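**Student:** The chain contents come next:
There are 2 protein chains.
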Amino acid sequence: MEFTVDRELIERQLEDRDYHVLKESLQGHPAEIAELITLLSPEHRPIIFRLLGKDNAVEVFEHLESTTQSEILSGFQDARIIGIVDAMSPDDRARLIDELPAVVVKTLRQRMTPQEWHATSVLLGYQENTAGRIMTPEFVDLQDHMTVEESLKRIKRIGKDRETIYYLYVIDETRHLLGVVSLRKIVLSETDVMVRDIMDTVAVKVSTDDDQEAVAKIIQDYDFLAVPVVDKEDRLVGIVTVDDIIDIIEEEATEDILKGSGVAAAEKSYFESSLLNNFRRRIGWMVLLLMLNTLTGSIILGHKKLIEGIVVLSAFIPILIGSGGNAGAQSSTLVIRGLAVGDIDVKNAFRILLREFMLGISIGLLLGIVATLWAYWLQNDWTISFVVGMSFLFVITVATTIGTFLPFVVKIIGFDPALIATPLITTTIDVTALLIYFMIAGKLLGFNL
Amino acid sequence: MEFTVDRELIERQLEDRDYHVLKESLQGHPAEIAELITLLSPEHRPIIFRLLGKDNAVEVFEHLESTTQSEILSGFQDARIIGIVDAMSPDDRARLIDELPAVVVKTLRQRMTPQEWHATSVLLGYQENTAGRIMTPEFVDLQDHMTVEESLKRIKRIGKDRETIYYLYVIDETRHLLGVVSLRKIVLSETDVMVRDIMDTVAVKVSTDDDQEAVAKIIQDYDFLAVPVVDKEDRLVGIVTVDDIIDIIEEEATEDILKGSGVAAAEKSYFESSLLNNFRRRIGWMVLLLMLNTLTGSIILGHKKLIEGIVVLSAFIPILIGSGGNAGAQSSTLVIRGLAVGDIDVKNAFRILLREFMLGISIGLLLGIVATLWAYWLQNDWTISFVVGMSFLFVITVATTIGTFLPFVVKIIGFDPALIATPLITTTIDVTALLIYFMIAGKLLGFNL
Numbered sequence: 495m496e497f498t499v500d501r502e503l504i505e506r507q508l509e510d511r512d513y514h515v516l517k518e519s520l521q522g523h524p525a526e527i528a529e530l531i532t533l534l535s536p537e538h539r540p541i542i543f544r545l546l547g548k549d550n551a552v553e554v555f556e557h558l559e560s561t562t563q564s565e566i567l568s569g570f571q572d573a574r575i576i577g578i579v580d581a582m583s584p585d586d587r588a589r590l591i592d593e594l595p596a597v598v599v600k601t602l603r604q605r606m607t608p609q610e611w612h613a614t615s616v617l618l619g620y621q622e623n624t625a626g627r628i629m630t631p632e633f634v635d636l637q638d639h640m641t642v643e644e645s646l647k648r649i650k651r652i653g654k655d656r657e658t659i660y661y662l663y664v665i666d667e668t669r670h671l672l673g674v675v676s677l678r679k680i681v682l683s684e685t686d687v688m689v690r691d692i693m694d695t696v697a698v699k700v701s702t703d704d705d706q707e708a709v710a711k712i713i714q715d716y717d718f719l720a721v722p723v724v725d726k727e728d729r730l731v732g733i734v735t736v737d738d739i740i741d742i743i744e745e746e747a748t749e750d751i752l753k754g755s756g757v758a759a760a761e762k763s764y765f766e767s768s769l770l771n772n773f774r775r776r777i778g779w780m781v782l783l784l785m786l787n788t789l790t791g792s793i794i795l796g797h798k799k800l801i802e803g804i805v806v807l808s809a810f811i812p813i814l815i816g817s818g819g820n821a822g823a824q825s826s827t828l829v830i831r832g833l834a835v836g837d838i839d840v841k842n843a844f845r846i847l848l849r850e851f852m853l854g855i856s857i858g859l860l861l862g863i864v865a866t867l868w869a870y871w872l873q874n875d876w877t878i879s880f881v882v883g884m885s886f887l888f889v890i891t892v893a894t895t896i897g898t899f900l901p902f903v904v905k906i907i908g909f910d911p912a913l914i915a916t917p918l919i920t921t922t923i924d925v926t927a928l929l930i931y932f933m934i935a936g937k938l939l940g941f942n943l
Numbered sequence: 495m496e497f498t499v500d501r502e503l504i505e506r507q508l509e510d511r512d513y514h515v516l517k518e519s520l521q522g523h524p525a526e527i528a529e530l531i532t533l534l535s536p537e538h539r540p541i542i543f544r545l546l547g548k549d550n551a552v553e554v555f556e557h558l559e560s561t562t563q564s565e566i567l568s569g570f571q572d573a574r575i576i577g578i579v580d581a582m583s584p585d586d587r588a589r590l591i592d593e594l595p596a597v598v599v600k601t602l603r604q605r606m607t608p609q610e611w612h613a614t615s616v617l618l619g620y621q622e623n624t625a626g627r628i629m630t631p632e633f634v635d636l637q638d639h640m641t642v643e644e645s646l647k648r649i650k651r652i653g654k655d656r657e658t659i660y661y662l663y664v665i666d667e668t669r670h671l672l673g674v675v676s677l678r679k680i681v682l683s684e685t686d687v688m689v690r691d692i693m694d695t696v697a698v699k700v701s702t703d704d705d706q707e708a709v710a711k712i713i714q715d716y717d718f719l720a721v722p723v724v725d726k727e728d729r730l731v732g733i734v735t736v737d738d739i740i741d742i743i744e745e746e747a748t749e750d751i752l753k754g755s756g757v758a759a760a761e762k763s764y765f766e767s768s769l770l771n772n773f774r775r776r777i778g779w780m781v782l783l784l785m786l787n788t789l790t791g792s793i794i795l796g797h798k799k800l801i802e803g804i805v806v807l808s809a810f811i812p813i814l815i816g817s818g819g820n821a822g823a824q825s826s827t828l829v830i831r832g833l834a835v836g837d838i839d840v841k842n843a844f845r846i847l848l849r850e851f852m853l854g855i856s857i858g859l860l861l862g863i864v865a866t867l868w869a870y871w872l873q874n875d876w877t878i879s880f881v882v883g884m885s886f887l888f889v890i891t892v893a894t895t896i897g898t899f900l901p902f903v904v905k906i907i908g909f910d911p912a913l914i915a916t917p918l919i920t921t922t923i924d925v926t927a928l929l930i931y932f933m934i935a936g937k938l939l940g941f942n943l
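These protein sequences, in sequence, are chains E and H. So for the first sequence, the working numbering puts the first residue at 495; every next one is plus one. So for the second sequence, the working numbering puts the first residue at 495; every next one is plus one.
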């Protein structure tokens, strides 16, 4: 056989890790490329195979002998090969490595445990936290021309080691998803009914690169036990089942809760991650907040004269910024969680802002009165007490407004509001509260600032 | 028929709402009590029925004619009757109103939508957030002597309007739960196999008064699609399915998140609850924290001389207590969430405390150095800068320790750690931080306190 593909050139490019050029070189008839792959050393084969375009890959795969197919698939678990792909920049990886063909995904996923599957995910091209990562190929597929009786026979034959047999997926010869039928419908129907007559043709499905949170939302909203996963050509590659979704919902909630306190999310549980790792998860926000918080020092020093004149003013600073922070944290938590579970929508932002503003005034009025009385009891000075009370009213109203406003802004510019840590809200409020306090104090106590 | 039960007396007691004495009067043969109930006016019947002890109630119910049975069950949705029971004190209610007999529960639950069921729950005697509240009686029951073929026939006959047919519950004549068999097993078995040979006899089950979170945990841990609910006599009364559990997991996470910010949980969503209601959910913690926070004012006034001498000391208060609060909130959030999802156990408390203590020192050291340099840049005074830096180290170490310690204490004395709001942690740290700061400042700056 005469090669149009230059084997020596390709081996040199493999050695040089010159993958961009290499991908270009891989032109030719699928049979030729399959032949070439057979001639390469085993550790090079999976790399070459992953550099093929998706359409090409499936044809080349079919031209390979089954032992070579098997060797390539085994190579997907090889740490060195994973390392090579992992070392590429994410951009490169996205450009060089196509989605795997459905038939290869299915074979591969069946050979691997979920842990192995997860470990090889860089090679597969599925992003972290997508349906592709969490799906299983252990489903039962049916053809639409089968009868209920034939379906039950097939389920009996292959159902034993499938993740679920309660939803059955109807596909055509090219693995396109035609519909879904539940075992419930199968069992409750007469034996001679055709699958195509009882299946649900407008099947809700997700794509391999859909976010796992979106998958969870579908299962939750539709009360499904599983949802089918298709690739970009709409071919069925796996399913995600409800038991995995429950874990995801809990993990996502945990992540949101930790983010809310300025702790970065971790792959591992508390004890599994090292002390250094835990340090890293927390120091980022701490340093950022420290930077932001230096503003409070500058503001106070900027009003040094005022404090020197009336030292007692400093006594009310912690309680004022503390209360403001608490009020703001309440608002931001309500809004962030409401947005996360869909209880609150961005299009209601103005209404909620108005509502929280009014709540802020109410809470501020009540606490302001209490604070005024308390300050008078401490100092016997109505002017200072009035400064404190007024500051409470203003600070708490501004705090609830900031706490409501910031999550909406983050959402509107396209990020996850859960990214805003509560400490960021409270620190922002600390700074604002001091400015308000000194302004009111300066005006009412007649200082020239 | 001669009554040993005095009808006139009972009618008078009903008018007087003298339920304790009334319950005592209801002695006699079930047939007599059934007769008496028939003679009473319809609005009195459900009340009398609910005052019967559980064993008595089931026998009386069986002695009633079906129209009277139906009238009593209808009465369970009557707002006036619910109102009467609702007006009793919780203690009284627990003493007067027994669990409903399984047969009545089943009939009643089938007549009602989930909303109606929820609304009548005071009459049923099931507590808020228990399995009894969220269960459905729409399951398929089998007998253990049935074959797979007979089971499939039964499923076909009655399965149509059941919540699930994927788990089938095997009971004896007295409705005791003998085991569970999945539809998967039924479908995959030969038609002449007996249910008792393939059922799972050590069925995991919950009791009507088990907390819904515990039910969720079971479904989550075992990857179940449903779990059976039994009453105190181990009689099957309903099932809880996985789709309800998903909603509960999300609701519980939301509740924990809101509690964590000092917002009381609400039955209704943000917009459904009134402004006044939202005010109530938030003002409680705000006032409590204000009270606690007054300590900060007293501490500062107690060190008035120190501040008068070195006014610049006041400039570092917000950043110091802010950083301490953030560090403590990180620790408490990690521990509270870890305890909630079972990632952390009380028996590891000491190890975690040690770990967080070490983390506190590391973070404190790093921030302390940064703070020292920043303070020097602001003030050009090494002693004051050193006071600030040392305070950071101590405050952050103490903060992570308090943040770790408090949730464990709450858990050990038997409460839900999620009850501790983050603002409580940060306010506690505010107070502690000020004491540490003034102690260090006093010592290093040579003030006599």
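Just so you know, these hints were derived from the structure itself, not from any lab. Do not rely on the hints blindly, as some may be mistaken.
The list makes no distinction among identical chains, and a pair is therefore deemed to hold if it is satisfied within one copy or across any two copies.
[As the list claims (entries may be wrong)] Straight-line Cα separation of at most 27 angstroms, BS3-like style, residue types lysine-lysine; simulated pairs:
{"id": "1", "residue 1": "K679", "residue 2": "K654"}
{"id": "2", "residue 1": "K711", "residue 2": "K517"}
{"id": "3", "residue 1": "K654", "residue 2": "K699"}
{"id": "4", "residue 1": "K799", "residue 2": "K726"}
{"id": "5", "residue 1": "K654", "residue 2": "K726"}
{"id": "6", "residue 1": "K711", "residue 2": "K798"}
{"id": "7", "residue 1": "K647", "residue 2": "K798"}
As the structure is a prediction and not an experimental result, all values here were calculated from the model.
**Student:** Indicate, hint by hint, whether the structure satisfies it.
**Tutor:** Hints and how they fare:
1. Both within a single protomer and between protomers do K679 and K654 lie at most 27 angstroms apart by alpha-carbon distance, with minima of 19 angstroms and 9 angstroms respectively.
2. For the homomeric pair K711 and K517, neither the shortest alpha-carbon distance inside one copy (38 angstroms) nor that between copies (49 angstroms) is at most 27 angstroms.
3. For the homomeric pair K654 and K699, the shortest alpha-carbon distances inside one copy (24 angstroms) and between copies (25 angstroms) are both at most 27 angstroms.
4. In this assembly of identical chains, K799 and K726 lie within 27 angstroms of each other by CA distance neither inside one copy nor across copies; the values are 67 angstroms within and 73 angstroms between.
5. Neither within a single protomer nor between protomers do K654 and K726 lie at most 27 angstroms apart by alpha-carbon distance, with minima of 29 angstroms and 36 angstroms respectively.
6. Within a single copy, K711 and K798 get their C-alpha atoms no closer than 54 angstroms, and across copies no closer than 56 angstroms, so neither meets the 27 angstroms cut-off.
7. Proximity of K647 to K798 under the C-alpha cut-off of 27 angstroms is found in neither arrangement, the shortest distances being 86 angstroms within a copy and 87 angstroms between copies.
The structure does not agree with the numbered hints 2, 4, 5, 6 and 7 stated previously, though it agrees with the rest.
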